[in-house]
Amino acid sequence: MTAPAATGRRTTPAAWVAAHPWVWSFGAAVVAWVAISVIAGQGLLGTLSGTLGLVPFLVLTGVGQLMVITLGNGHIDLSLPNVVTLAAYVSTGIMNGGTGSTLLGFAVPFAVGLVVAAVNVGLVLGLRVPPIVATLAVGLVLQSAVLVYTTGFQASVDPGLVAFTRARVLGLSVLGLLCVLVAVAVGFVLFRTSYGRAVQAVGQNVRAARLAGIPVGRVVAACYAMSALLAALTGVLLGAFSTPNLDLGQPYLLNSIAIVVLGGSLISGGRSTVTGVWGGALFFVLLLTLLDVLGVGVALQNVVKGALIILVLVLVGADRRE
Amino acid sequence: MTRAVESRPDSPSTPAPPSSGRFRTGRGPGGPAEVGQLLGRGLPLFALVVLFVVCAVLQPGVLTLSGLALLLSPAVPLVLASVSQMVIITLGDIDLGNGALVGLVTAVVAVYLVDRPLLAVALLVGIGALYVGQALLVQLRGIPSIIVTLGASFVWLGTGLALLPIPGGTVPAWLSGLMNLTTPETENYVLPVPMAVVFAAAIGLLAWFLLIRLPYGAVIRAVGSNPAAVRRGGWSVLRARMAGYAIAAGFAILAGIALAGQISAGDATTTANYTLLAVAAVILGGGQFSGGRAVPFGAVFGAFAISLVASMLSFLDVPSSYQSAVQGLVLVLVLAGRVLTDRGAT
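From first to last, the protein sequence lines stand for chains R and H. Note that this note's numbering numbers the first sequence so that position 17 is 17, with each residue one more than the last. Note that this note's numbering numbers the second sequence so that position 111 is 111, with each residue one more than the last.
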């Protein structure tokens, strides 16, 4: 996508890195990885398998957020964490320790996600409420929905699904492989299909996109739907991986945005990298592990996270000054 | 759309050239625009009156002086936070860290103000300086304020939690005494007005003075509506944005001090919903996300109205689990209503 135009000049490594901003996040992830191994005194591989459990969930929410952020024009999905939490409870409630339908345990959360997306899109496109406030308000309503739904909540997670989220094939996490597939699929859609080009076109210049005959409304709606569906999937899987709780999705509010930014996608839309979401997620989880290993408390981890996002934006921000 | 129309420097309704220090003096008299604007101006006060009447019907006790004071005083910190958010929205930005910042300030007050007042003041000044630093990032690096402040919100929250992991601490007696006064009183005279109203009037007047009365206030407002005109007029957009952020920081810090006094403790997490409530108050009060429209008293009335919604819900015995849903719905209704009245006005 963003590869430098081959104008006869040889591509220097520096130019290649500039055109592939996700390299930074992977580089940072490797640094954090080595640092943890040295400090914790474990082997490199031991560190990896011990810490990466949460990366797939980060990647799923991050990819969803990426779709919406790529749209630019202030599009952002702040209802995502509440969809995660609600989906985890709803799916657990339906499957109820393996006694209920697994199909419905996935289908109903997906349907909830689609309804949320429809409301988000209705508010943003129909009533022209700014996305940040619309999705935040929808998130608040979902927060109440969770509280109401969980009053007297008894169900337990489905042992089959728990086994699935922890399963390993040839030493690799099945969930991780699933997320690689999702990321590859989204990457394919974003960069190799006309729909993906339309998303990026909307993000780069919505007026030009409209003049070019792109159905902007439909493109926007599809991105919000993708974000909500991926959040619902995250909720179902995360609910089984760790048990559902009221704050299950909350960390994914900032984290999903953070890994998009850390991965080198433009927060203002129009330029995205799915690979970067992986790099960002790896770096993020490894960094938090590193802080844990160093004995930094949860409170200060928040400070580091926030400061890191701002720092990355300061470094990247210069690229898009006109 | 509205912004472009209102702020076009050569538009006939803004006769003063940019260099005179006044960018917008409002539209010309008469016409549907004026009516729409009047409707918009009246909306927060109207909403406030309706909500107050509903509260009074549900709970006649609020009609006594002490009842009224009880009803209104919890709103004072939110009024301050809303005015802070109003300044940022006037600049065309948004602050998602507003609530976390107020929480951090309550923590600083509750942990240090009694034992080490100088350190507390220094910390508050430092927080204010960091807050103004956000303006630098927005202006110089072109980073959207929504992301800067979202990142900053975690810095505020984390610092607050590090200072005060669980709610508590001590607050100076004078502060909790002041914030829990029913009415302004001296030894031999009691003014029969709830203290909250006095605070609100002072807050509104201060914000009005800074943003509307002071000539430089016009520059700050113009950053939100027409930064190019600010530049052409010879002013620094950066400096004006920093001034706006400094004013906003001041009000947010006052919000934290007021809240700490009210609850006689610090709590880094209790104010998380202030961010959204304050945005709702500003929009209800007539502010616009596109910036440029400063509404000091609109924000004050809007904050009271939003806080009365919570009181009304408790009078109606609405279960607490529904409260955030109602807040969300009110916010959407307010915004959708605003979009409609603004459309009518232009």
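Any given hint could turn out to be false.
[To be verified] Coverage of chain R stretches by chain H, computed from C-beta distances (three or more under 8 angstroms per stretch; other residues unrestricted):
hint	stretch
1	115-129
2	139-152
3	261-268
4	294-305
[To be verified] Estimated spans, in silico, between C-beta atoms of each pair:
hint	chain 1	residue 1	chain 2	residue 2	range
5	H	R232	R	G74	50 to 60 angstroms
6	R	L311	H	L65	47 to 57 angstroms
7	H	R239	R	G122	33 to 43 angstroms
No lab work stands behind these hints: they were computed from the structure. Keep in mind it's a predicted model, so treat the numbers as computed, not measured. Glycine included, each C-beta is placed from N, C-alpha and C at the ideal position.
How the hints compare with the structure:
Interface restraint, the stretch 115-129 of chain R with chain H: holds (4 residues with C-beta to C-beta distance below 8 angstroms; minimum three). Residues of the stretch 139-152 of chain R lying with their CB closer than 8 angstroms to a CB of chain H number 9, which satisfies the three-residue condition for coverage. A stretch counts as covered by a chain when three or more of its residues have a beta carbon under 8 angstroms from one of that chain; for the stretch 261-268 of chain R and chain H the count is 3, and the coverage holds. A stretch counts as covered by a chain when three or more of its residues have a beta carbon under 8 angstroms from one of that chain; for the stretch 294-305 of chain R and chain H the count is 9, and the coverage holds.
Our hint of 50 to 60 angstroms for R232 of chain H and G74 of chain R is violated, since their Cβ atoms are close to 27 angstroms apart. Checking the proposed 47 to 57 angstroms range against L311 of chain R and L65 of chain H shows it holds: the Cβ atoms sit about 52 angstroms from each other. The supplied range of 33 to 43 angstroms is met by R239 of chain H and G122 of chain R, whose beta-carbon atoms lie about 41 angstroms from each other.
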